[in-house]
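There are 2 protein chains.
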Amino acid sequence: MTRPEIVLFGDSITEQSFTLGGWGAALADTYSRKADVKVRGYGGYNTRWALFLLHQIFPLDSRKPPAAATIFFGANDAALLGRTSERQHVPLEEYKENLRKIVLHLKECSPTMLIVLITPPPVDEEGRDKFARSLYGEHARRLTERTNEAAGVYAKECLELAEEMGLRSINLWSKFQETEGWQKKLLRDGLHLTPEGNAAVHQEVVRVFKEAWLSAEEMPYDFPHHSVIDGKNPEKAFEQQCIKHI
Amino acid sequence: MTRPEIVLFGDSITEQSFTLGGWGAALADTYSRKADVKVRGYGGYNTRWALFLLHQIFPLDSRKPPAAATIFFGANDAALLGRTSERQHVPLEEYKENLRKIVLHLKECSPTMLIVLITPPPVDEEGRDKFARSLYGEHARRLTERTNEAAGVYAKECLELAEEMGLRSINLWSKFQETEGWQKKLLRDGLHLTPEGNAAVHQEVVRVFKEAWLSAEEMPYDFPHHSVIDGKNPEKAFEQQCIKHI
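Chains A and B, in that order, are what the protein sequence lines are. First residue of the first sequence: 22, per the numbering used here; consecutive thereafter. First residue of the second sequence: 22, per the numbering used here; consecutive thereafter.
In case anyone wonders, no lab produced these hints; they're calculated from the structure. Treat the hints with care, since some could be wrong.
Stated by the list, open to error - Lysine-lysine pairs mimicking DSS-like chemistry, simulated, CA-CA at most 27 Å apart:
no. : chain 1 : residue 1 : chain 2 : residue 2
1   : A       : Lys253    : B       : Lys122
2   : B       : Lys122    : A       : Lys128
3   : B       : Lys122    : A       : Lys55
4   : B       : Lys253    : A       : Lys122
5   : B       : Lys257    : A       : Lys117
6   : B       : Lys85     : A       : Lys55
7   : A       : Lys85     : B       : Lys85
8   : A       : Lys122    : B       : Lys122
9   : B       : Lys55     : A       : Lys55
Remember, it's a predicted structure, so these values are computed and weren't measured experimentally.
Using the sequences and the hints given, assemble the complete structure.
Here it is in structure tokens:
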């Protein structure tokens, strides 16, 4: 049996999801022996740059397209004009249209793909400021390159698109802010995730996948569990899955 | 650019390699944006049962076979006859021949695949005994189902085969025992790995891959790093890799 594939497509928060305690690695563990988790995270990328990658990551002629994908962009798109990261800024309307293009491409790739949109997380401006000072010292700009307000506006747009297109979504911007002390508890530099923040994302993704049809508990193991293999007649357990012995 | 794939083929120590602090997840992070790590670990499996999976996991007609694979069996093969886990026992000579069959199949799959054999880790009999008691209480057998001596004999056989076939190998059985207090420091139940044990395996695999030709530092990113993307002319960075915009 070949396992279905789950692709995590996004920016640095996706790219770093296999660091210690990361949500991507935890997801791979949740779907252990049931689905493969493939990371396609690109630090610093916005939705405009992500469009260049679509045909490579999700080729239309794939014989086995992914069963599910998370689309997790916006943290860079929401970087403010006139500040340090303006190169990454993408106007709000374009952000939404880019997300739409990504979704349409994935649907063309496979009409049955489970697509989950994830909003950018909230921004802890104090944390960003501290991070900038750790990099640039006194030369750090007085105004942070991202604000929580802007991230919230992009998050809202992401949710609206999910609604319009009938997709499932995770409102991380709101979800995180429900936690007392989210600024330091869930974020390590005002933007990227602590292990607790990673655990929260993992939990949300598992929940949404389960609410759709991708529940790990209900999925079969790829091969027999060792406990059902008869030590004297091992072939029996494998024959049921039509597996040829070498 | 499609990323090369690294397959981790083995028993529970491979299956559990994506738990928190696991060596598989750490490897995926080391090769972030450079190679994909695919886990094919089967708890409780010995080499005899692993043979049933070969054609499924490593199909001979694959258009893109893995670039590298770790083969990490033996902990179950070395379970002793006449004790609790004897169902999993595989005689020493057969263990070696099964490993040989696995390697030959992988080489048929791709003659250039980097194949690394990993020996079983040492066994902390006291830890196994404690674990058995935690499961079966007073009914636990007095004699543990695995011994360090037996694991060492299987490890030696694994290394001999690697030598015979000109393959790289990791002598985990010896390596672990170089660490003072390895019994509790590197193993959590006398057999499976603690986070420190996982870190040690990760370090060894990275070292051996690097000594071969699979050095993460020397491999290119799959797509441009965001810092080389011109905000006003993003296409330039992507054109160099012949990437079509959607």
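Hint check:
1. A:Lys253 with B:Lys122: 20 Å, holds
2. B:Lys122 with A:Lys128: 42 Å, violated
3. B:Lys122 with A:Lys55: 26 Å, holds
4. B:Lys253 with A:Lys122: 20 Å, holds
5. B:Lys257 with A:Lys117: Distance ~24 Å between B:Lys257 and A:Lys117 Cα, so the pair holds.
6. B:Lys85 with A:Lys55: Between B:Lys85 and A:Lys55 the Cα gap is close to 22 Å, so the pair holds against 27 Å.
7. A:Lys85 with B:Lys85: 13 Å, holds
8. A:Lys122 with B:Lys122: 47 Å, violated
9. B:Lys55 with A:Lys55: 24 Å, holds
Checked against the numbered hints given earlier, this structure breaks hints 2 and 8; the rest are met.
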